[in-house]
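Numbering of the sequence shown is given in the numbering used here, commencing with residue 159 and proceeding in unit increments.
None of these hints come from the bench; they were simulated from the model.
The reader is advised that the hints may include incorrect statements.
Stated by the list, open to error - Cβ pair distances, simulated, as ranges:
id	residue 1	residue 2	range
1	Thr-242	Asp-169	54 to 64 Å
2	Ser-192	Leu-226	32 to 42 Å
3	Asp-169	Ser-238	38 to 48 Å
4	Pro-279	Ala-232	44 to 54 Å
5	Gly-218	Ser-238	12 to 22 Å
6	Asp-230	Asn-183	16 to 26 Å
7	Tyr-179	Ser-238	24 to 34 Å
8	Thr-202	Asp-169	27 to 37 Å
Beta carbons are placed, not taken as given, at the ideal position from N, Cα and C, and that holds for glycine.
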Amino acid sequence: MIKGIAYAFFDAAAGNYTAGYPTDNNPPVITAISATPHTNGTATINWTTDENANSSVSYGLSAGNLNLTATDAAMVTSHSLVLTGLIPGNIYYFRVQSADGAANSTTEPLSPAAPLSFTMPNGVCASDNLFADFNLGTPDANTIIAADGDGAVSLKPLMQETIYRRICSLRLDGSSMGCTTRCYYYI
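Using the sequences provided together with the hints, build the complete structure.
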């Protein structure tokens with residue numbers, strides 16, 4: 159096999175010969191696309207191709223703006239790319255692309271079809287229903303209590319930590335006005 163093409167060799171008489179190479183005009187066929195989001199802010203995108211090809215995922219927070227890319231130049235038939243730095247609770251849209259050794263490329267789903275999507279799970283957050291619980295106990299060196307509306311508890315981050323903080327607004331009677339999750343990245 160030379161350049162991915164099978165050849166037959168045989169004895170021949172002396173003389174001039176011309177070798178011809180068939181042109182590969184067929185792009186890889188992409189199948190079995192899957193997305194697995196993880197609670198650590200990553201998602202794994204997998205797919206297969208019917209021939210060796212590279213891997214690329216275009217993704218973003220808007221179906222019309224896939225402005226982020228993950229790639230791997232390895233020529234394989236079983237593709238797996240890990241997307242990092244994803245925000246919990248958000249929907250991400252994506253398309254996968256593979257190109258073979260002859261630069262034949264294919265994308266799935268092909269535009270104008272809508273891109274595929276997955277939803278990131280929410281980060282691990284604690285919630286409390288009583289205002290008084292926000293000020294219980296004595297904080298140690300790893301805890302910071304900060305007033306944010308009716309109160310919030312923030313854990314002191316380590317270097318390069320992503321912290322998810324759930325902020326709940328409470329009425330004086332203790333009923334909830336709603337909660338939001340915020341993500342902070344500390345360096």
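Indices of hints not satisfied (ascending): 2, 4, 8
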